[in-house]
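Put chain B on the given structure of chain A with help from the hints.
Chain residues, written in single-letter form:
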Amino acid sequence: MMREYKDRKNAQKRAYYTDRFYVVPSIPKEDVNSDETFAKDYKELKKHFKFKEAYIQRGQLVLIIKPEDNKKILSFLKDELEYTFLSELSASDYLAQSGEFEIFYQLLSMSKRKRLRVKCRIKENSAIESVHTIFKSADWAEREMFDLVGVNVNNHYNLKRIIMPDDWEGHPLRKAYPLQGDEAAQWYEVDKIFGKEYRDIIGPEQRDPARVDKKDTKNFARIYHEVPYGAKPSEKRTNQDYQEEDGVFFIDEFKKSNSKVLNTRR
Amino acid sequence: MQQVNRLKPFFENLNFDRDDNRMVVNFGPQHPSAHGQLRLILELDGEQVKKAIPDIGYLHRGMEKMAENMIYNEFLPTTDRMDYIAATANNYGYALAVERLIGLEVPRRAKVIRTMLLELNRIISHLFWLATHALDVGAMTVFLYCFREREFAMDLMEDYCGARLTHSAVRIGGVPLDLPNGWLDKLSVYISQMHKNIADYEGLLDQNRIWKMRLEDVGVISKEDAISWGCSGIVLRGSGVQWDIRKEEPYELYDELEFDVPYSDRCDSYGRYKLYMEEMRQSVRILRQLIDMYQETEPQTMAHAPQYISAPKEQIMTQNYSLMQHFVLVTQGMRPPKGEVYVATESPKGELGFYINSEGDPYPYRLKVRAPSFWHTSILQELLVDHYIADVTAIIGNLNIVFGEIDR
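Protein sequence lines correspond, in order, to chains A and B.
Its first residue numbered 1, the first sequence is counted upward by one per residue in the numbering used here.
Its first residue numbered 1, the second sequence is counted upward by one per residue in the numbering used here.
The shape of chain A in the complex, shown without the other chains:
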C-alpha cells in the first residue's frame, strides 16, 4: 500500500481535470494614460515615488509598490489626491509559489468617483507597516489580515486575533491550511474543555451533514416515531397533535384535524 501524496504547501481543492492545451487567458491590463484622471494622478505620484508597475484593470488603477513605501504612498493618496476612503485591505497567500504574501489596499475617491488598488508583496517572515493612523478603518482590517492570513503588522496598537479565538493555532486562510481544519482545529473544543486524553472517548466530530443514524433514539431523530430519552425504538406512530401535557396557558389545544389551511392570505 502506498500513502496518498498530499501537497503540504497547498491543501486546497484542485480542478480534477484540466485540458493539456488550455491556455489561461488574462484580463487585459490597460495603459495608465488611457484614463484621464488616473493619468494625472499617476503623474503626480511618480514625482515622489517609484512604482514597480502600474496599469488599469477593469476600470480601476492598480499600483504595485515596494512594501516599505506603503504608509507614505497611502498618506499621499489620501492628503493630496483625495483618495480618502479605504474600502478594503487584505492579503493573499503566495507562500507556495514565492514565499510571499500579496497585500492589497482598495481605495476610493468620492470626489473623483474613482477606485484604485495599491498592491505590494512581502516575505513570509517580514512585516508590513500599519496604516491605521491614516485610515481608522485599517484598525480591524489589519487585525483580520493578521488573524486569518497571518501577515505581521508593525506598529499596530492592538494587534491580536479578531475572528478566531485568541488561543487558536494557525491561520485559516493560508493555502496550507486544510478546509476541514488542521489537527489542533479539529480537537480544539475537546482539548480545551476536557483535555487531550479525552480525544479517544469523545471521538472525532461527525461532519457528514447527510448522516442519518437510524438507531439513534437518544436524539429523537426518528421522525413520527420519537421515543423518550434512552428508550428502545418503537414502530408505533407517535401523536404529533399535543403541545404540552396539560395544554398551554391561554392557547387552545392544537389538533391537526380541526385546523384549517388558507389558500390565500386574508
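Take the hints with a grain of salt, since some may be wrong.
What the hints assert, rightly or not - Calculated pairs, DMTMM-like style, for lysine to aspartate or glutamate (alpha carbon to alpha carbon, straight line, at most 25 Å):
no. : chain 1 : residue 1 : chain 2 : residue 2
1   : A       : Lys114    : A       : Asp79
2   : A       : Lys72     : B       : Asp20
3   : A       : Lys112    : B       : Asp265
4   : A       : Lys71     : B       : Glu382
5   : B       : Lys338    : A       : Glu100
6   : A       : Lys175    : B       : Asp361
7   : A       : Lys72     : B       : Glu224
8   : A       : Lys114    : B       : Glu258
9   : A       : Lys119    : B       : Glu249
10  : A       : Lys112    : B       : Glu382
11  : A       : Lys114    : B       : Asp225
12  : A       : Lys9      : B       : Glu359
13  : A       : Lys112    : B       : Glu249
Honestly, the hints are just simulated from the structure, not real lab data.
Same frame as chain A, now just chain B:
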C-alpha cells in the same frame, strides 16, 4: 494572554473585580439587543460607558475559505448566509463581481428582474431594521406592523423563487426564472399600500417623545469619522456625505431610473432613521418604474456565453453540444480569465464589495468580502464612549449590523 485551564476556559476569564469605581460588564454574545453574536466588554462609570471593546467572531463560518474550495456557481447559495436579511443583495454583489471578472453583459429582462429583487430586498431589510430597532428602543407596535409588511414582501419573494430568506434568486449571468404570471400585479398592489404604511410608521415614531429622546443626538458620527472608519450606506449618508453607489457608479438599470438619494446633516441616530424611511419611499418609486420597464423587454433571462454559462434547460435537453457544455460547467466549473476585480454594490447595509483574485482556475484563488457591517461594528469602540448604557442598545440597533456578514 491569560493562562487557560480546564476550569477556567479563556472566554470566561475576565477580570471583573477592580480597585477603582469602574465596573466591567460583559454584554453578549447572547443578548437580544446585540442583533446576533456581538460581545461587548463595557467599562462603566456609574451608567456611563468609559471604554467599549467589541468582540466578534462568534458566527465565523469561514466563508472566504469555503469560496476557495468551491466552483463559482457553487459558492452563490453560501452568500445568502452572509446578510441573511437581504440575501439577494449578496447574491447580486457576488454575481456582478464574477460577471465583471469574465466580462459578461446580462440580458435586459434579467437586469429588470434583478433590480426589482434588489429594491424589494431593500424594503424587506429596512422594514426589519425598523422593526427590531423600534423594539430595542421599546416600541412594540411598530415591530408588529413592520413584520406584517415584511411578511407580504417575503411572500412575493417566495412566489418568485420559492425561498423566503435565503433566496439565491440571482445567478451568474442573469436570473434563472422569469416572473410568474400575476406577480407584477401582486407587486403593484403591495407597493401601492407601502406609502400609507410608511406614513403610519412615521406617524407612530416621528414626533414620539420617547423615540426622539432615545434617538436624537445619540450615536453622533462626524463626517470625517464616518469616512475614516470606512462607514458606508446610510451611516455615511446620515453623516452628510452624498455617496450612494447606485447613483455615483451606477450598475444594472440605476442610471436609467429616476430616484433621489436622501442624506442628512444631523449625524445622529434620528437622522439615520429618517433616511431609512425616505429610502423605502424611493425603493417604491423605483419598483413602480421597473414594472413599466419590464413590459418592454425580450424574454431572454440568462446571458449567452457558452464558455461560462449553461444553455437554457430546453436546449440542454434537446441539443447534444449544449448538454456536453453543461456537463463540463457543472462538474469542472467555469474558468474565468486570470486577473482580479473589486466590485462594490450598494446593499441595504452599505457598500458590499467582492474582491476576487482569479488565477484562471475553476476555484477563486482568493475571495474577500467587504461586508459593510464589519466596518460599522469597528466604530463602536469609539462611538459608545461617554454614552449611557441604555444608549448602547439604541446605537447597536441603529447601525443595522448583521452578524452573518461581519464574521462571514
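Each hint, compared with the structure:
no. : hint                : verdict
1   : Lys114/A x Asp79/A  : 15 Å, holds
2   : Lys72/A x Asp20/B   : 42 Å, violated
3   : Lys112/A x Asp265/B : 22 Å, holds
4   : Lys71/A x Glu382/B  : 23 Å, holds
5   : Lys338/B x Glu100/A : 19 Å, holds
6   : Lys175/A x Asp361/B : 15 Å, holds
7   : Lys72/A x Glu224/B  : 20 Å, holds
8   : Lys114/A x Glu258/B : 23 Å, holds
9   : Lys119/A x Glu249/B : 23 Å, holds
10  : Lys112/A x Glu382/B : 29 Å, violated
11  : Lys114/A x Asp225/B : 21 Å, holds
12  : Lys9/A x Glu359/B   : 17 Å, holds
13  : Lys112/A x Glu249/B : 11 Å, holds
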